[in-house]
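Number of protein chains: 2
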Amino acid sequence: MNSNNAGLATRDQTVDSSSGTSYVRRFSQEGSRYRWEGVDLKKYKEEGTHFKSVTRQNLFSDESLQPCELRYFEIEPGGHSTFEKHVHTHAIIILRGRGRAIVGDSMEQVQAFDLVEVPSRTWHQLQAADDEALGFVCQVPCERDRPIRPTDAERQALSEHPTLGGIIRL
Amino acid sequence: MNSNNAGLATRDQTVDSSSGTSYVRRFSQEGSRYRWEGVDLKKYKEEGTHFKSVTRQNLFSDESLQPCELRYFEIEPGGHSTFEKHVHTHAIIILRGRGRAIVGDSMEQVQAFDLVEVPSRTWHQLQAADDEALGFVCQVPCERDRPIRPTDAERQALSEHPTLGGIIRL
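Protein chains in written order, with numbering that gives the first Met the number 0: chain A, 0 to 169; chain B, 0 to 169.
Treat the hints with care, as some may be off.
Claimed, not checked - Chain B stretches covered by chain A per the calculated footprint, using a threshold of three residues with CB under 8 Å from any CB of chain A:
| hint | stretch |
| --- | --- |
| 1 | 24-34 |
| 2 | 85-92 |
| 3 | 113-119 |
| 4 | 132-143 |
| 5 | 148-155 |
As the list claims (entries may be wrong) - Quick list of simulated restraints, FRET-style, between CB atoms:
| hint | chain 1 | residue 1 | chain 2 | residue 2 | range |
| --- | --- | --- | --- | --- | --- |
| 6 | A | A111 | B | G30 | 42 to 48 Å |
| 7 | B | V38 | A | R55 | 25 to 31 Å |
| 8 | A | D144 | B | G19 | 27 to 33 Å |
| 9 | B | P66 | A | G19 | 30 to 36 Å |
| 10 | A | R148 | B | L157 | 53 to 59 Å |
| 11 | B | D144 | A | P76 | 43 to 49 Å |
| 12 | A | N57 | B | Q155 | 36 to 42 Å |
| 13 | B | T20 | A | L169 | 18 to 24 Å |
| 14 | B | G165 | A | R145 | 50 to 56 Å |
| 15 | A | Q110 | B | T20 | 16 to 22 Å |
Hints were generated in silico from the structure; no laboratory data involved.
Since the structure is predicted, the reported quantities are computational estimates derived from the model, not experimental observations.
Here a beta-carbon is modelled for each residue, glycine too, at the ideal position from N, C-alpha and C.
Sequences and hints are given; from them, build the entire structure.
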């Protein structure tokens, strides 16, 4: 027991902010979706039809404060992110649910708190399980290149891949 | 049901990596502690006695890939991080447990998935509840200044703060 505990009059209060300023954005669930107060629910991408049932929330609003962003993506059951690659990397922490991470030539089942590293210039896609949403935080550099999609020739080769051909959603 | 599901022969396998390369670091619990395969358990800081019962895990090993790091800190019940400030900011996601975030003049109770933003040059400390660990991910810029601790005069003023005086652990 810490000796400072003697003074903990505010121990059971949810918030005690003498300045009135809050530095906490509280987590909640809206229906089945993970949400945070004051954080907008956004489209996964402004354009494109190569994904299914994905939403985005940019967790820390003032992106000028750090050279990276932390975004939360939630993929509904049966949904998937765009199959794509880019020069920048992804550092991903799964927050909820189950699904698959396709990265390069590998496909791995993932679940809550697993980490996924997407290297530079490497094809990747995240897919939710058919019966459960997949939610994850993804760190990216604020300054980053735009994703590219497979060419027709690459799509053909990917569809014939011995293990991933039937799994990738293009 | 996605039409691609017809080909999901590997659906129930944990890993199907045709290249043998894994991009996933799996989460597990060792005793009560959150751990990840291949991630070292480190001291919170190499020196200093101003904290109590805190460990650190740097989740993504190749820190050259992005201009920020994601570290996981776990504070045992009754423990706390160093009371300090610095020019760089923190973007924090609570992953487990309950505790308090002291930031500037505010003290707020936090729990799993709440977000905490620590602005530049702002005193802060995280404290675990007495009966539960507090685990959180903290994003920081790779290039950052060293924390500073309160001077004797600042310690005196802090100890007399009307709401935080009995709570801050110096």
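Going down the list of hints, with the structure as the test:
By the rule of at least three residues with a Cβ nearer than 8 Å to a Cβ of chain A, the coverage given for the stretch 24-34 of chain B holds, with 4 such residues. Look at the stretch 85-92 of chain B against chain A: 4 of its residues bring a Cβ nearer than 8 Å to a Cβ of that chain, three or more, so the hint holds. With 7 residues bearing a CB less than 8 Å from a CB of chain A, the stretch 113-119 of chain B meets the requirement of three and the coverage assertion stands. Coverage of the stretch 132-143 of chain B by chain A holds in this model, with 4 residues showing a Cβ closer than 8 Å to a Cβ of that chain against a need of three.
Only residues whose C-beta sits within less than 8 Å of a C-beta in chain A count toward coverage, and the stretch 148-155 of chain B has 0 of them, not enough to reach three; the restraint is violated. For A:A111 and B:G30, the hinted distance range of 42 to 48 Å is not satisfied, since their beta carbons lie about 18 Å from each other. Taking 25 to 31 Å as the suggested C-beta distance range, the pair B:V38 and A:R55 conforms, at roughly 27 Å. Range check, A:D144 to B:G19: about 28 Å between beta-carbon atoms, so the 27 to 33 Å window is met.
Distance hint check: the CB atoms of B:P66 and A:G19 are about 33 Å apart, consistent with the given range 30 to 36 Å. Look at A:R148 against B:L157: about 55 Å separates their beta carbons, and that is inside 53 to 59 Å. The given range of 43 to 49 Å is respected by B:D144 and A:P76, whose C-beta atoms sit roughly 45 Å from each other. For A:N57 and B:Q155, the Cβ-Cβ distance of about 40 Å falls inside the hinted range of 36 to 42 Å, so the restraint holds.
The hinted window of 18 to 24 Å between B:T20 and A:L169 holds, with their beta carbons roughly 22 Å apart. Range check, B:G165 to A:R145: about 52 Å between beta-carbon atoms, so the 50 to 56 Å window is met. Evaluation of the 16 to 22 Å hint for A:Q110 and B:T20 yields a pass: the beta carbon distance comes to about 20 Å.
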